[in-house]
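Input sequences plus hints: build the corresponding full structure.
Following numbering that gives the first Met the number 0, the numbering of the sequence shown begins with 0 at its first residue and continues without gaps.
Rather than coming from a laboratory, the hints here were simulated on the basis of the structure.
For each residue, glycine too, the CB sits at the ideal point set by N, CA and C.
Watch out, some of these pointers could steer you wrong.
To be verified - Derived DEER-like restraints, expressed as beta-carbon distance ranges: (1) I358 to I183: 22 to 32 Å; (2) E390 to G154: 27 to 37 Å; (3) E464 to L507: 17 to 27 Å; (4) A465 to T201: 19 to 29 Å; (5) I551 to E522: 24 to 34 Å; (6) M254 to G535: 29 to 39 Å; (7) E548 to K193: 35 to 45 Å; (8) L346 to V483: 24 to 34 Å; (9) A366 to Q2: 48 to 58 Å; (10) A408 to P55: 48 to 58 Å; (11) V455 to G535: 14 to 24 Å; (12) T69 to Q2: 27 to 37 Å; (13) L79 to V483: 51 to 61 Å.
Unchecked claim - Heads up, simulated DMTMM-like pairs for lysine to aspartate or glutamate below, C-alpha to C-alpha not over 20 Å straight-line: (14) K450 to D539; (15) K450 to D342; (16) K511 to D561; (17) K185 to E307; (18) K541 to E464; (19) K380 to E391; (20) K449 to D561; (21) K188 to D229; (22) K460 to E513; (23) K188 to E307; (24) K511 to D546; (25) K185 to D388; (26) K193 to D8; (27) K529 to E468; (28) K467 to E522; (29) K511 to D526; (30) K185 to E391; (31) K530 to E464; (32) K262 to D187; (33) K453 to E391; (34) K450 to D388; (35) K462 to D526; (36) K188 to D228.
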Amino acid sequence: MAQVFSSVDTIWVLLGAALVFFMQAGFAMVETGFTRAKNAGNIIMKNLMDFCIGTPIYWLFGFGLMFAGTAPFIGGFDFLTRGDYAASLGLTIPTAAYIIFQTVFCATSATIVSGAMAERTKFISYCIYSACISAFVYPVSGHWIWGGGWLAQLGFHDFAGSTAVHMVGGLAALIGAKMLGPRIGKYDKDGNPKAIPGHSLTLGALGVFILWFCWFGFNGCSTISMTGDDILASAGGIFVTTNLAAAVATVTVMMITWIRYKKPDVSMTLNGSLAGLVAITAGCDAVSPVGAFFIGLIAGFIVVFGIEFIDKVLKIDDPVGAVGVHFLNGASGTILTGFFAVDGGLLYGGGFRLLGTQILGVLAVCAWVTVTMLIIFTVIKRTVGLRVDPEEEIMGLDIREHGIVSAYADFLPMDGHALFSEADFLPVDESVPVSHYPAAPAVSSTVTGKKMTKVVMIFNKGKFEAMKEAMNEIGIMGMTVTNVLGCGTQKGNTEYYRGVKIKEINLLPKIKLEIVVSAIPAETVVDTAKKVLYTGKIGDGKIFVYDVENVIKVRTGEEGYDALQGEY
0 MAQVFSSVDT IWVLLGAALV FFMQAGFAMV ETGFTRAKNA GNIIMKNLMD
50 FCIGTPIYWL FGFGLMFAGT APFIGGFDFL TRGDYAASLG LTIPTAAYII
100 FQTVFCATSA TIVSGAMAER TKFISYCIYS ACISAFVYPV SGHWIWGGGW
150 LAQLGFHDFA GSTAVHMVGG LAALIGAKML GPRIGKYDKD GNPKAIPGHS
200 LTLGALGVFI LWFCWFGFNG CSTISMTGDD ILASAGGIFV TTNLAAAVAT
250 VTVMMITWIR YKKPDVSMTL NGSLAGLVAI TAGCDAVSPV GAFFIGLIAG
300 FIVVFGIEFI DKVLKIDDPV GAVGVHFLNG ASGTILTGFF AVDGGLLYGG
350 GFRLLGTQIL GVLAVCAWVT VTMLIIFTVI KRTVGLRVDP EEEIMGLDIR
400 EHGIVSAYAD FLPMDGHALF SEADFLPVDE SVPVSHYPAA PAVSSTVTGK
450 KMTKVVMIFN KGKFEAMKEA MNEIGIMGMT VTNVLGCGTQ KGNTEYYRGV
500 KIKEINLLPK IKLEIVVSAI PAETVVDTAK KVLYTGKIGD GKIFVYDVEN
550 VIKVRTGEEG YDALQGEY
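Below you can see the structure in the form of structure tokens.
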């Protein structure tokens, strides 16, 4: 008799698969934004390729190892995934729908490692790792939890993957980052951490919003069904607990960092959102909104102090906080389910049985991932090598690993490489020829004896509009404006980035305004600027005054005073 599938259930699962796939974009944006611009292309490539490498490998035999059979420790070998899993697992959806749903979960676990190992890992090494975790590391522990293995038989509860997905990826990230060593310049000679801020909080925030949105599919669609009142009620509850835990964790992190660092830390608060989402994933179907509130609250504390502990005590360089978010909160969220589960939780009179099973499951999966990933990373390190050479790391992985000068070539330059095009790196005889402007005869200045002075001002961006209006009022028509980074001899105010003091030179965004005057006295310009800029506080800016020997207008050949008149 032919099996009858549910249209609603199938659509629900396929929708969830699409949302979980889109989490790849979220992870890519978070990791790119929290790292430096010179490695942006490399980060994007790794997030793309771990999915594209993992997909066929998981289809070839990973899915079978996870779901073929109910043996305690491993599934079965099903090459090309040809089994009828809809029948064997009692699904109301076609086998193909279940395969793609599980594939995107596997890819999520694999991609977590990219952020912790960012900015110093060889691309080929990361590709090999992606293949290995998708082939057997993730499927074997996944079988224990979701494939009918020994943990499932004991009653271990991990509804959508706090342990199966996030803790596996987070622990692999911890091991990889430890074996790689920190980025150049991350720690001083005494072992104290130094902040290396990411280049775009905007991208990081976009990634977090994408992930939060997609998490409703990650958790909600893990019901694998939308048939029956009980399932409908469960799906609604999952959406509520998922959202509540994330929001509470975010507020918690904001308050902790506000108190500890004197200002609310943006990047750490973004990590707080992800920490709450990871922590609630195991028990989102089993806890009440009250339980979700406390899980989010605890996750906020864990991510802040966990990231600080990893960075300052363990001396493990994790650029994006992946270990704190995914490993620590994946493990803690799974264990907290043993406390807050309405049915069987310790705080609801269920005793220690569920809690003990949760702890046992976390420890067992940790042992499996630790042993296998140590072997994998050790083999990679001793063969193709894990880490790029120092010159490549300093220059940036984009140019040496992928041959791109900058991931932002046509946008505002973010680092030294972005200031150049590829032609600037070609030999002279290969450069694109340009026609030369015919030199015009020099025209002598018609006005002599006029002193020319250059006034350079460096000040806060917020004063620019007022400065521009003030210069216009005294008759200044020509000026050059540049966005710069800088500080005075006091090295800028003490700030924090992800809990680490920025102790060295804190370069702050400033405006550099350059004006060359002759007819208008330099003293008038200086006095006007001082009135605009003065507040009496550190950071009012500085004004530099220089004598100018000559000015030449290229278009006409005019020199001196005349060259200052009209357009450049």
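Evaluated hints:
no.	hint	result
1	I358 to I183: 22 to 32 Å	violated (39 Å)
2	E390 to G154: 27 to 37 Å	violated (54 Å)
3	E464 to L507: 17 to 27 Å	holds (19 Å)
4	A465 to T201: 19 to 29 Å	holds (26 Å)
5	I551 to E522: 24 to 34 Å	holds (25 Å)
6	M254 to G535: 29 to 39 Å	holds (32 Å)
7	E548 to K193: 35 to 45 Å	holds (42 Å)
8	L346 to V483: 24 to 34 Å	violated (56 Å)
9	A366 to Q2: 48 to 58 Å	violated (38 Å)
10	A408 to P55: 48 to 58 Å	violated (32 Å)
11	V455 to G535: 14 to 24 Å	holds (22 Å)
12	T69 to Q2: 27 to 37 Å	violated (20 Å)
13	L79 to V483: 51 to 61 Å	holds (58 Å)
14	K450 to D539	violated (28 Å)
15	K450 to D342	violated (86 Å)
16	K511 to D561	violated (25 Å)
17	K185 to E307	holds (14 Å)
18	K541 to E464	holds (17 Å)
19	K380 to E391	holds (17 Å)
20	K449 to D561	holds (10 Å)
21	K188 to D229	violated (60 Å)
22	K460 to E513	holds (14 Å)
23	K188 to E307	holds (19 Å)
24	K511 to D546	holds (18 Å)
25	K185 to D388	holds (16 Å)
26	K193 to D8	violated (50 Å)
27	K529 to E468	holds (14 Å)
28	K467 to E522	holds (17 Å)
29	K511 to D526	holds (17 Å)
30	K185 to E391	holds (16 Å)
31	K530 to E464	holds (14 Å)
32	K262 to D187	violated (25 Å)
33	K453 to E391	violated (40 Å)
34	K450 to D388	violated (54 Å)
35	K462 to D526	holds (15 Å)
36	K188 to D228	violated (62 Å)
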